[in-house]
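Visitor: Work the whole structure out from these sequences, hints included.
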Amino acid sequence: MKTWSIAALLCFLPCAAATAQDLNETSKDPKQWVMAPRDYANTRYSDLDQITKDNVAKLQLAWSFSLGIPKGQEAAPLIVGDTMFIVSPFPNKVFALDATSGDLKWAYVPATDPASQGVACCDVVTRGLAYDRGRVFLATLDNHVVAIDANTGQEVWNTKIGDINLGETVTMAPLVVKGKVLVGDSGGELGVRGKLTAVDEGSGKILWRAFSTGPDQDVLIGSEFKPFYDQFKGKDLGVSSWPPDAWKIGGGTIWGWISYDPQLNLIYYGVGNPGPWNPNQRPGDNLWTTAIFARNPDTGQARWAYQLNPHDLWDHDEINENVLLDLNIDGKDRKTLVHPGRNGYMYVIDRESGEVISADAYDTVNAYLGVDVKTGRPTPNPAKIAPLGKPAQDVCPASPGAKDWQPVAWSPRTRLLYVPHQHLCMNYQATEVGYIAGTPYVGATVDMYAGPGGYRGEVAAWDPVKRTKVWANKENFPAWSGALVTKGDIAFYGTMDRWFKAVDATNGKELWRFRAGSGIIGQPVSFQGKDGRQYIAILSGVGGWPGVVANAEVDPRVRNGALGFTGAMQDLAAHTAAGSDLLVFALPSDVAQPSQAAPSQAAPPPAPPQPQPQPPARQPRPRRHGRP
Amino acid sequence: MRQAALLFSLLLAPAALAQQHAGQPSAGTPRIHEPGNGQPLANVPISNLYPGNVAASPDIQNPLHNDPESVQRGMNNFIAFNCVGCHAPNGGGGMGPSLSDNKWIYGSKPAQIYLTIAQGRPNGMPAWAGMLPSDAIWDLVSYVQSIAEKPSDKLGKTISPTSPSIEQVPAEFVSSPTPWRMTEPFSSGRQPGTKK
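These protein sequence lines map, in sequence, to chains X and E.
So for the first sequence, numbering that gives the first Met the number 0 puts the first residue at 0; every next one is plus one.
So for the second sequence, numbering that gives the first Met the number 0 puts the first residue at 0; every next one is plus one.
In short, the hints are calculated from the structure, not lab data.
This one's a predicted model, so the numbers in the text were calculated from it and none came from an experiment.
The beta-carbon is built from N, C-alpha and C at its ideal position, and this holds for glycine as well.
Keep in mind that a hint or two might mislead.
[To be verified] Some chain E residues judged to face chain X by a derived CB distance under 7 Å, without partners named:
| id | residue |
| --- | --- |
| 1 | 92 |
| 2 | 97 |
| 3 | 163 |
[Unchecked claim] If you want the ones that stay clear, here's a sample from chain E, every Cβ over 10 Å from chain X, calculated:
| id | residue |
| --- | --- |
| 4 | 40 |
| 5 | 48 |
| 6 | 51 |
| 7 | 65 |
| 8 | 107 |
| 9 | 108 |
| 10 | 155 |
[Said to hold, decoys possible] Output of the computed footprint for chain E on chain X, the stretches with three or more beta carbons under 8 Å from beta carbons of chain E:
| id | segment |
| --- | --- |
| 11 | 118–126 |
| 12 | 206–219 |
| 13 | 435–441 |
| 14 | 447–453 |
| 15 | 546–556 |
Guide: Set out below in structure tokens:
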């Protein structure tokens, strides 16, 4: 019997203390995929190796399922035991399917308010579900957190955590830590006051709420708070770094990823942009927008914080994932978190203290001149600050940053991060904007386009110790899907022009590709079926911020549409239309060998550092050019 | 009304605009039920299906259609009330549908556009009747009609590597209530031709 079901039976209701440990252990079972980022460290690494470089070319579709909602499909499937759980974009239907056969077990259809679509900034996406102790946790676009019985599909409780008339929505995948369902909010383009909410998984009661702006009491900054840098020490900085009352409508939403270190008992997450985008209306550093928080999950109290982009000028949210890695840096073992910044820098940060160890550009960056790790501050490029009333031109990276929400994967075998990202620059005109609750609070006319070289996306392998790009595959469109890497040393990702690709994780060489029905912006996952075969699952269905040109009423001839993303995506509809298909792949039965998967009880310790597959380049230098 | 006036004067609009909206409508300013010469706006259909083939479509004109400044005022309102945040500069679309083409989900007639703004629509269009005075909405109707592409004799549009062939000069360089008067070759996601 599998770990999860034992846990579910023994701990059906009252063993909260053991819960986190259980989910932590279960997440290491390579047969399952129990949380969107695969594990609390957010590695997205699968310990399955039935699919190898030698046989991956034979990978074929095993089954598929249509979600029936032709909007952006950004969600990660979860696989718990033999069941797959998947969620659609608005109205956020949930489906439970037999993970091997594709048989539909149940569907849950919430009565999500259609009006919530009008306050969702960038398509009506969701990034996935959470699971713990026999329950599936859904966060709907209209701010409901719902507990669903994983076996029956029956609703157990639902709790409202936000208000669409304040511009609030939810798009992130919740994460369960120690019996608490952690959910942030979206609405950084609507003057929302960002917050992270902890909901009790048993009762649905709200246990704590940590705001991103305002007085320390609301931000849950107290005596435990020990930031590394001096500019983060002081009382009520979430008030004093703003014009009077501007923090109340100052953004700082939380719609990306949460990681958790059970040993340190700390959760980590990134905070979104300040509102409005127009920086002239909010003099000051605008804390704690674009910051990373470390918090105690029991109380929500902050341990440290680090703001990446003080007084953000460009909508450089920092909600991107924080991958928890133990790295040997300059001869010392460091507990780090690696944060691929939206500002274009790959941050390696000491996750105990909040000290920046290194920050290196991984794409074209001219908005800043670098990051001073001594002060923790980036240096804005004065040449890119336009006179009042004039647009700033050729600013790189553009507003979605060098990388947006699409999560990286980390292989403990190659010791490389696999980074799907954008390659975009922009013109940016700040404009006056007034706050009206429930309407956009942006104040910027933006126009994005392909960066130098004419391509718009890239999937790169990055060595966080050597601080170099080892290989890179250019993509015509932004690489807006997440990445997966497996023990077979294969990295998987999808493209907006409808390819799902498998590449050699050591050098980026393409090994296999599949033509999907619609562009891919989802999160690939891997699991083992009842039949002993290794499966790879991904959603197809273009959308998200860059994809609305192809799935909604957006005019490709008006460049400033979709908060400026139209300019960069004008030709997308000539490559794909909307879709909503779950695609599940496996090797043919006669090719699939019995898996060498580790036993499900406990995952092996991370493999010792492997010899580098090849000498990394000294400078970031893509090895491949153009599309294959 | 009071909320709208407050917003105008505190945050947004030029003083002249604030004055115009702050007080009671002046003698010449049309009220919501007046423009149809007694025909109620409530009878304006949003559908093109009429049971029994009996159309109830009162011919209600925009009472400001002869006002040469209405389009510009509408553009100011479009920005001041954050319509631009959803529908984008020049109505290119994003959170809300594009207004720059000639496709109309809820009807292209002035009274239909008026009602869409005043009542809102279920899939995300907010209901503005509680916040905006009727003449501010009619100005928005003037502007929305001004930025829409002219109707063509073609039923549809082609999307291909060579179509569309033009784009508007982007709004970071030119601000105009008639953006279709300034176009340049389609850039296919590359930097726009205009640079200043």
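Visitor: Look at each hint and say if it fits the structure.
Guide: Right, here's what the structure says about each hint:
1. Hint on residue 92(E) holds. Least Cβ distance to chain X is approximately 4 Å, under the 7 Å limit.
2. With 7 Å as the threshold, the beta carbon of residue 97(E) comes within range of chain X, its nearest partner Cβ sitting at about 4 Å, so the hint holds.
3. Because the beta carbon of residue 163(E) sits about 5 Å from the nearest beta carbon in chain X, less than 7 Å, this interface hint is met.
4. Distance check on residue 40(E): its Cβ is at least 22 Å (rounded) from any Cβ of chain X, clearing the 10 Å threshold; non-interface status holds.
5. Even its closest Cβ contact with chain X, about 21 Å, leaves residue 48(E) beyond 10 Å, as expected for a residue assigned away from the interface.
6. Remark: the non-interface label on residue 51(E) is consistent with the geometry, its nearest Cβ contact in chain X lying 30 Å away (cut-off 10 Å).
7. Residue placement check: residue 65(E) keeps its beta carbon more than 10 Å from all beta carbons of chain X (closest about 28 Å).
8. The non-interface label for residue 107(E) is consistent with chain X: the shortest C-beta to C-beta separation is roughly 14 Å, beyond 10 Å.
9. Under the 10 Å C-beta cut-off, the non-interface status given to residue 108(E) relative to chain X holds; the minimum distance is some 19 Å.
10. For residue 155(E), the condition that its CB be more than 10 Å from all CB atoms of chain X holds, with the nearest at approximately 13 Å.
11. With a cut-off of 8 Å between beta carbons, the segment 118–126 of chain X has 4 residues touching chain E; three or more are needed, and the interface restraint holds.
12. Proximity of the segment 206–219 of chain X to chain E, defined as three or more residues with a beta carbon under 8 Å from a beta carbon of that chain, is not established by the 0 residues found.
13. Coverage of the segment 435–441 of chain X by chain E holds. Counting CB-CB distances below 8 Å, 6 residues qualify, and the rule asks for three or more.
14. Proximity of the segment 447–453 of chain X to chain E, defined as three or more residues with a beta carbon under 8 Å from a beta carbon of that chain, is established by the 3 residues found.
15. For the segment 546–556 of chain X, the stated coverage by chain E is satisfied: 7 residues place a CB nearer than 8 Å to a CB of that chain, which reaches the threshold of 3.
Going through the hint list in order, the structure does not satisfy hint 12, though it satisfies all others.
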